[in-house]
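Order-wise, the sequence lines are chains A and B.
According to our numbering, the residues represented by the first sequence are 9 to 481, in order.
According to our numbering, the residues represented by the second sequence are 9 to 481, in order.
A hint or two may mislead.
Copies of one chain are not kept apart here, so a pair can be met inside one copy or by any two copies together.
No farther apart than 30 Å at their CA atoms in a straight line, the calculated lysine-lysine pairs in the DSBU-like style are these [what the hints assert, rightly or not]:
#1 K388 to K378
#2 K14 to K99
#3 K471 to K99
#4 K386 to K251
#5 K120 to K471
#6 K471 to K100
#7 K100 to K14
#8 K251 to K471
#9 K446 to K378
#10 K470 to K446
#11 K49 to K348
#12 K212 to K39
#13 K100 to K470
#14 K251 to K49
#15 K348 to K233
#16 K120 to K470
#17 K446 to K14
#18 K49 to K14
#19 K470 to K99
#20 K470 to K98
#21 K81 to K470
#22 K471 to K446
#23 K471 to K246
#24 K348 to K251
#25 K81 to K120
These aren't lab readings, by the way, just hints derived from the structure by calculation.
2 protein chains.
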Amino acid sequence: MSQLEKLIDRIIVRANMNLREFDFDVTPYVKSAFPTEQLLKFYAFYGVTSHHPLHFNFIGSNLAGSYFLGKCKTENSILYKSDVRGDELKKKGEVFTYQGLEMPIANDEEIKIQDSFLVKTLIHSNSHDPESPEEFLIRNTVSNFYSNIHGAPVEGCYLGSFSTVDLTSLHSCIIGAFSYVQSPDLYYTPIKPGTIWIKGDDFKFKYTYDTEILDKYIMEIPGEKPQGIFMDFIENRKDDFQKVFDSAVGLEPTEVPIDSAVSRYAYIAGETQISENVLISQRAYLENAWMGKGTNAQENSYIINSRLEKNDITAHGAKIINATLGEKVFVAFNSFLNGKEDCPLTIGTGCMVMPHTIIDIEEPLEIPAKTVVWGYIKNKSDLAENSVLIEDMRKVNGEVTMGNMTFKGNGASIISAFEHRIDHILEGNGAFFNGEGKNQGHAQEGSNMSYNLIQPYLTGDKKGIFPTIDIRP
Amino acid sequence: MSQLEKLIDRIIVRANMNLREFDFDVTPYVKSAFPTEQLLKFYAFYGVTSHHPLHFNFIGSNLAGSYFLGKCKTENSILYKSDVRGDELKKKGEVFTYQGLEMPIANDEEIKIQDSFLVKTLIHSNSHDPESPEEFLIRNTVSNFYSNIHGAPVEGCYLGSFSTVDLTSLHSCIIGAFSYVQSPDLYYTPIKPGTIWIKGDDFKFKYTYDTEILDKYIMEIPGEKPQGIFMDFIENRKDDFQKVFDSAVGLEPTEVPIDSAVSRYAYIAGETQISENVLISQRAYLENAWMGKGTNAQENSYIINSRLEKNDITAHGAKIINATLGEKVFVAFNSFLNGKEDCPLTIGTGCMVMPHTIIDIEEPLEIPAKTVVWGYIKNKSDLAENSVLIEDMRKVNGEVTMGNMTFKGNGASIISAFEHRIDHILEGNGAFFNGEGKNQGHAQEGSNMSYNLIQPYLTGDKKGIFPTIDIRP
Numbered sequence: 009m010s011q012l013e014k015l016i017d018r019i020i021v022r023a024n025m026n027l028r029e030f031d032f033d034v035t036p037y038v039k040s041a042f043p044t045e046q047l048l049k050f051y052a053f054y055g056v057t058s059h060h061p062l063h064f065n066f067i068g069s070n071l072a073g074s075y076f077l078g079k080c081k082t083e084n085s086i087l088y089k090s091d092v093r094g095d096e097l098k099k100k101g102e103v104f105t106y107q108g109l110e111m112p113i114a115n116d117e118e119i120k121i122q123d124s125f126l127v128k129t130l131i132h133s134n135s136h137d138p139e140s141p142e143e144f145l146i147r148n149t150v151s152n153f154y155s156n157i158h159g160a161p162v163e164g165c166y167l168g169s170f171s172t173v174d175l176t177s178l179h180s181c182i183i184g185a186f187s188y189v190q191s192p193d194l195y196y197t198p199i200k201p202g203t204i205w206i207k208g209d210d211f212k213f214k215y216t217y218d219t220e221i222l223d224k225y226i227m228e229i230p231g232e233k234p235q236g237i238f239m240d241f242i243e244n245r246k247d248d249f250q251k252v253f254d255s256a257v258g259l260e261p262t263e264v265p266i267d268s269a270v271s272r273y274a275y276i277a278g279e280t281q282i283s284e285n286v287l288i289s290q291r292a293y294l295e296n297a298w299m300g301k302g303t304n305a306q307e308n309s310y311i312i313n314s315r316l317e318k319n320d321i322t323a324h325g326a327k328i329i330n331a332t333l334g335e336k337v338f339v340a341f342n343s344f345l346n347g348k349e350d351c352p353l354t355i356g357t358g359c360m361v362m363p364h365t366i367i368d369i370e371e372p373l374e375i376p377a378k379t380v381v382w383g384y385i386k387n388k389s390d391l392a393e394n395s396v397l398i399e400d401m402r403k404v405n406g407e408v409t410m411g412n413m414t415f416k417g418n419g420a421s422i423i424s425a426f427e428h429r430i431d432h433i434l435e436g437n438g439a440f441f442n443g444e445g446k447n448q449g450h451a452q453e454g455s456n457m458s459y460n461l462i463q464p465y466l467t468g469d470k471k472g473i474f475p476t477i478d479i480r481p
Numbered sequence: 009m010s011q012l013e014k015l016i017d018r019i020i021v022r023a024n025m026n027l028r029e030f031d032f033d034v035t036p037y038v039k040s041a042f043p044t045e046q047l048l049k050f051y052a053f054y055g056v057t058s059h060h061p062l063h064f065n066f067i068g069s070n071l072a073g074s075y076f077l078g079k080c081k082t083e084n085s086i087l088y089k090s091d092v093r094g095d096e097l098k099k100k101g102e103v104f105t106y107q108g109l110e111m112p113i114a115n116d117e118e119i120k121i122q123d124s125f126l127v128k129t130l131i132h133s134n135s136h137d138p139e140s141p142e143e144f145l146i147r148n149t150v151s152n153f154y155s156n157i158h159g160a161p162v163e164g165c166y167l168g169s170f171s172t173v174d175l176t177s178l179h180s181c182i183i184g185a186f187s188y189v190q191s192p193d194l195y196y197t198p199i200k201p202g203t204i205w206i207k208g209d210d211f212k213f214k215y216t217y218d219t220e221i222l223d224k225y226i227m228e229i230p231g232e233k234p235q236g237i238f239m240d241f242i243e244n245r246k247d248d249f250q251k252v253f254d255s256a257v258g259l260e261p262t263e264v265p266i267d268s269a270v271s272r273y274a275y276i277a278g279e280t281q282i283s284e285n286v287l288i289s290q291r292a293y294l295e296n297a298w299m300g301k302g303t304n305a306q307e308n309s310y311i312i313n314s315r316l317e318k319n320d321i322t323a324h325g326a327k328i329i330n331a332t333l334g335e336k337v338f339v340a341f342n343s344f345l346n347g348k349e350d351c352p353l354t355i356g357t358g359c360m361v362m363p364h365t366i367i368d369i370e371e372p373l374e375i376p377a378k379t380v381v382w383g384y385i386k387n388k389s390d391l392a393e394n395s396v397l398i399e400d401m402r403k404v405n406g407e408v409t410m411g412n413m414t415f416k417g418n419g420a421s422i423i424s425a426f427e428h429r430i431d432h433i434l435e436g437n438g439a440f441f442n443g444e445g446k447n448q449g450h451a452q453e454g455s456n457m458s459y460n461l462i463q464p465y466l467t468g469d470k471k472g473i474f475p476t477i478d479i480r481p
């Protein structure tokens, strides 16, 4: 048995140990994810800049196709085409505030991934666990295609395909496919597929997809690769990324204003326009995308035949097709906004598209300005059931049920939580940069990064395992 | 002053300290070698295989464009587009024999480069210093364009452009441009440009190029980049290598028999044919090259419009243009065999072309089988003065002078030293592989290597310095 096979088995046992209470077996999800030979085919890469604390430490792992930016240690793990950012890790000397308690940060924070198997998973932000602010830990965990671990330490979990765990600490949980969880912490909790669950101090938001609808978009069958419209959408475009990754130095660069940043690992095609203060992350896909000032396209997002007016956010994994967005529209994680060429989608200024929303229309659709939308929308009547004006939401206090959505608590709180977050993202990305050194963000930092490509042993007992690598200043 | 500038100054002082007896200043050679911005432009890379002991350790250095294969540590050094092999380093448990003394090798040998500035320098083989067999040390040394450090620990030296130090230990020496030195060891010795000097136990071979001829081919002017036909020849072809290096995964591979190896960092063009047991190293340049069974093209060699019949050796830096080689022809280091389209060069079976030979003809020229040739040859009459049949050479005992060449001692010894070396190279490269696991060499090992690309900081105080990197199994 090769070291790589032993490693896979070791991870399976450890995740199963954590999930033994549920009698849940990760084996079929791990073994069917992709043929093991894929682990030899793709280089991993890491970025070096002068403005991020630097430390990479890779031990006994396979990192095929994965990307690292902030401090990160991987140990006995398989990260297949995962994207591990880290430009928002806490820095030594900062103060971490949680429920009024202030904690000084002792060391530059580090992402630590141990005994885990992650597939095309995005890891971003920083540890929101107040008990461990200097370590963003992912341990004994299996995550499936296109899941997002966002500021969420996870231990002993299974994260389904296209699921998102956001600003949550998770221990021994099972998160179903396309579920979104944001909650202070979570122990031994199974979350059914297609559940969008946001829990704040004084509110709870919950939406549940009907199984038959969800299955069309994403369905996990143990022992098989996930299936559905989401997978097809991405697989149909994966060859386009190949030439981007085949180049060691980056393709002919797109015309980009000095205050904007387009990752050389983004795919840019057609009549795409990049305005000022724009951030296009690696693995973003832009085709005929008009990106107005201060807009962004985060990792694994797709913007096709669409216009984003100004300060619009395309969060990780969101897809925007045949759509026109007014100013400051927030398209949250993994939303699938699928206008058609003859049925365009128009989203008014200041709208909030909740995480994991599916808008898949067969008639033109216009969403009025300052609206919150969620869930599954295919026409005007769905929109009526799955949206509310922001000003009306603010007035809610108590319980509201609309279709598959239930809200309990203070409506103003969830709105201001989102508003706060939107401003935080725009600031962090440099959308408000004034050209003179003020309000600098990722868009202004990103351009002077050097990329470094690493690969595993290709033969012998260690075939597929990366050497032990340590990189520091 | 940036860290990079400090590093350059530090290296200059240390080399000058070693060379103070000669009142020699390396500054103009270091400062004029290339604009400092070049140090930011090119990635370095290292190979990982399952059959080489692995340890790379890069500290406080710039490694732009350099390549590493065997165990290597660099400290406070600048290696610009250097090629540091190491697949012939001694391994733990082997026995090193020197003048009848046997020394067991305690650790896998390592190349250690400290406080040195190397430009497009090739480092190969292993330490021939019997006092330090586990460490191949290069220290306080400045080497200029296309020099070769072959099994030669060097301390406190200046190596001129296209010079070769071969199987020698050097301390505080100045080796002139295009000089070749092979000698047990050398202390505080200046070698004039264009000197070919081979010293064995019972023989001495010395050839000296006339200055005016040498200057046409390679001339060093302090404060300027080296000039001449050699530099022009290489510069005219450097763009061809660009696309090879711009790819992260290698270009469309050449058709190569299973028992041969063509580096993905070689340039292959035109009607080039690769037979069995052939080794084409990185940075070899082949255009319309017919490579017969067991032939090789080592680093920085060029083979253009030429046919190599069988078991021919093209040593590091050798150039073969418009030529036909019979079987087992040895073209040693940096030789420039420049046939013309209408004046082809023919070299008979079993010939030995001595290191740093220039054959630049304006009439067709045929070198009879089993001939030793050296020096500067532009026609038949030069050939008569600068060659001897191997069987006649064997008979020499005493002193012989022919043109600019003087030989003293035992002719049979120098011939058998070369014969031994030729067989050693062919064996090492796998020229005699029988297809069934016997006589395996580099040609059979090379294909399953993974390449890893590393880069320096691009901004800040450390701009141009590579992070501290440690890679081990």
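Unmet hints by their number, sorted upward, for this structure: 4, 11, 12 and 17
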